[in-house]
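Asks: The hints should help you fit chain B onto chain A, whose structure is shown.
Those sequence lines, one after another, are chains A and B.
Sequential numbering from 1 applies to the first sequence in this note's numbering.
Sequential numbering from 1 applies to the second sequence in this note's numbering.
If you anchor each label on the Cβ, the simulated ranges turn out as follows: (1) A/83 to B/17: 40 to 46 Å; (2) A/70 to B/68: 36 to 42 Å; (3) B/27 to A/62: 24 to 30 Å; (4) A/59 to B/61: 37 to 43 Å; (5) B/5 to A/83: 26 to 32 Å; (6) B/54 to A/57: 36 to 42 Å; (7) B/76 to A/69: 38 to 44 Å; (8) B/114 to A/53: 38 to 44 Å; (9) A/7 to B/39: 15 to 21 Å; (10) B/66 to A/26: 30 to 36 Å; (11) A/52 to B/5: 27 to 33 Å.
Read the hints as simulated data drawn from the structure, not as lab findings.
Glycine included, C-beta positions come from ideal geometry on N, C-alpha and C.
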Amino acid sequence: AQKVTQAQTEISVVEKEDVTLDCVYETRDTTYYLFWYKQPPSGELVFLIRRNSFDEQNEISGRYSWNFQKSTSSFNFTITASQVVDSAVYFCALSEATGTASKLTFGTGTRLQVTL
Amino acid sequence: EAGVAQSPRYKIIEKRQSVAFWCNPISGHATLYWYQQILGQGPKLLIQFQNNGVVDDSQLPKDRFSAERLKGVDSTLKIQPAKLEDSAVYLCASSQVRPLSTDTQYFGPGTRLTVL
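Looking at chain A on its own, in the form it has when it is part of the complex (with noise of 0.2 Å):
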């Protein structure tokens, strides 16, 4: 069964720190996709990235950077130098493809909270 594990509840943060929020994820696919995706106050879910297994590289997008380790299954999300409209709830997600079924199976999130 895929699972993803978000330990951190909510972390706060006061604006400039870096921050890494943790993912940890099981399943049994060798081919699988990871995403990170944000949820402001507004509501909607707002895609951030997407990993497949095959590519452990780390990625950086601006202040954003990721981290992709296959031998401890996580992937964990790094926020340089913070700023207040980072504030949110991140979820970390697992795709796993059932003939041609695309299930998403996300963890329970980390809220984020910066603070001037």
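Replies: Chain B alone, transformed into the frame defined by chain A:
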């Protein structure tokens, strides 16, 4: 490019009443998903369509929930009769052509349902 549209944004009903939600996916996206997100949890897949056919409805409470996507574009999700535990945000998402694990799901703003 327009995103996934959903309406209404908010709905308050009493238990045992019925309610319907509407979703219009991103143009050209053949796959459409309905998720239920209970407060403090990650989204949970209810049903997945590819064009106008159901791919996966294994987690849809079929005694009270129904969904359709008659022309392969818009979709409606109905609850009849509603229970208190149905209070949640109902999210619609869409992805391109085939529901492979490579596809990224893009989400609408959601409908927040409160059942009193």
